[in-house]
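So the sequence lines, in the order shown, correspond to chains Y and X.
Everything in the first sequence is counted per the numbering used here, starting at 2 for the first residue and increasing by one.
Everything in the second sequence is counted per the numbering used here, starting at 326 for the first residue and increasing by one.
Watch out, some of these pointers could steer you wrong.
As the list claims (entries may be wrong) - Partial pick of chain X residues on the chain Y-facing surface, computed with a CB cut under 8 angstroms: (1) Arg-421; (2) Val-519; (3) Leu-676; (4) Gly-678; (5) Met-685; (6) Glu-686; (7) Glu-692.
What the hints contain is simulated information worked out from the structure, not anything from laboratory work.
All C-beta atoms, glycine included, are put in the ideal place defined by N, C-alpha and C.
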Amino acid sequence: MPNISVTLELKSEVENLLNAYAQCIDDDNLEQWPGFFTDDCLYQVIPRENHEMGLPTAVMWCDSRGMLEDRITALRHANVYQVQWYRHLISNPVISTDDGDTFNVQSNYAVFKTCNDGESTVYNVGRYVDVIVRDKGVLKFKERTAIYDTHRITTLMVIPI
Amino acid sequence: MPVKDRSIDELDWNDPTKIPFQVYTDESIYKLEQEHIFRGKTWSFVALESELKDAFSYKSTFVGDVPVVTTRDDKDAFHVWVNRCSHRGAEICRERHGKSEDGTFTCVYHQWAFDAAGECVGVPFRRGHQGKGGFPKDFKPSDRPLQKLRVETLGGVIFASFAEDGPTLEEYLGPEMVKMMKRVLCKPIEYLGVTRQYINANWKLYTENTKDPYHASLLHLFHATFGVYRSTMGGGAEVGGPLGMHSLLSAFTIENEDKSEYEKGDIRTYDTGVKLVDTSVLRVTPELDPVFTNHIQSIFPSMVLQQIHNTLAVRQILPKGVDQFELIFHIFGYEDDTPEMRAERIRQMNLIGPAGYISMEDGEATELVQNAITADPNHHSLMAMGEDGDKETLLTESVLRAYWKGYQKIMGVTKS
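Bound-form chain Y, shown alone:
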């Protein structure tokens, strides 16, 4: 399989997407979050343990932009949880492409969580495995899988990773 070299320009474009995604969540602009995905997409947050054993159980699983919107509708209108903020740190993105149109990207993430008591904790650590495509000229996630190492989730997970 040919592996087309990744230009600095593309690298920077991908990194912009990864960073804008994280900032969208951390800034609580969650209504914008589904817009980072193509209409037909797959987003999942899955424990590393299941991923490695080939088991499908994920804690969040959405295969359309509509299901992503529903996550936010439930978070805003239905679910009950204490006030909390995320802070994502994203690092070490590695990009590869076979055809110059579809980009396979893996990066590390750490999400710190702060609640009303003011204590910040390392809430969820893992890696993103992404399939990124160009949709009307803009890079979007066709697939985004957050595979988390922190398999004991503290209390609950309501905000997407």
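With chain Y fixed as given, assemble chain X onto it according to the hints.
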């Protein structure tokens, strides 16, 4: 009198509708529970058979505080032993799950080896070297097996008990609970994975949550917001087992349901006009008999068998000290699922687990209680709804009262 000094026998709980907060906050009561409940005459969930598919596969977990390993041997028998070497007490199995290639389990410390049943099959340098050292001549490895638990299975679920002379699993569960477990465990099941949560509250608060039909439409606003569950639906609360420690909450849709209590507008977020784009998570494809939307079966002390819409899971409650527990969802389907049904189950996983639309609040609710009661162990909660023995209403706390009555007996509380 310093409140902390009260023993479990001195607690003021003659009134069955009042539960003293100290039972959720007292370290000495927690230790007594480990002895009387988890290491007593009870049965604890340890694994699904389909987590251990191959000969010599294993899974490590806990019964109460005690680390245990469940194994499948090469004759398809299951064994459970304490994960503690019979030599010097080291943890033997360090992985959560896996498979032993040669059928032995070896402690890394001095390489004592055990078979899947927990028998000691190898002791290095047993006779010493060149006539010196080694164990005494009359020492036999077979005299040092691992500590074994009794094992029984029901419908693909493996249970273990420390009690050598306790009831059988079916006696312990009672006929009503067995019958209803078989409603869900009606054909071969397939393990689909796990989710794990750590919750900062006493484990019994979660047990209560699974016996409490009152909260379901009130805490879990997703239910009411999207009209999938109301306390005015058909359903019931049933108690089971010789001590009344187990229970089943069931709910089903009925014709001509009277929803007026919700429509009056006193209940938060009922029918606000908020809609989901993808309503497949709200669907219940009928597959079990009778058809329930919710089947929440609490098997004391450590297990909850659930069917919520088309999701199926065994939840496991592991106490981790007086004010912490781990909650594990073992999610499964049936071996004969069609690809469409399997896809439906995967979509509906959004309903359950730590990020589940209708389960995420349960852990937080138990923390709200723990946070607020810790300073005042001599106060009490109130569980006065409904009549004892209520079966056909979701607006009752009768199941909780039955539970606490059984708890007092099992803990050997001497006062009436």
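**Request:** Would you settle whether the hint for Met-685/X is holds or violated, based on the nearest Cβ-Cβ distance to chain Y being less than 8 angstroms?
**Result:** 4 angstroms, holds
**Prompt:** Was the hint right that Val-519/X lines chain Y, CB cutoff 8 angstroms?
**Reply:** Result: holds, 6 angstroms to nearest chain Y Cβ.
**Item:** Interface restraint verdict for Gly-678/X against chain Y (beta-carbon cut-off 8 angstroms)
**Value:** Result: holds, 5 angstroms to nearest chain Y Cβ.
**Item:** Interface hint status, Glu-686/X versus chain Y (Cβ within 8 angstroms)
**Value:** 5 angstroms, holds
**Asked** Would the hint on Glu-692/X stand, with a C-beta cut-off of 8 angstroms toward chain Y?
**Response** 6 angstroms, holds
**Message:** Quick check on Arg-421/X please, does its C-beta sit within 8 angstroms of some C-beta on chain Y?
**Reply:** Result: holds, 7 angstroms to nearest chain Y Cβ.
**Request:** Identify whether the interface hint at Leu-676/X stands, where standing means a beta carbon of chain Y within less than 8 angstroms of its own.
**Result:** 10 angstroms, violated
Hint 3 alone, counting from the list given before, is not met by this structure.
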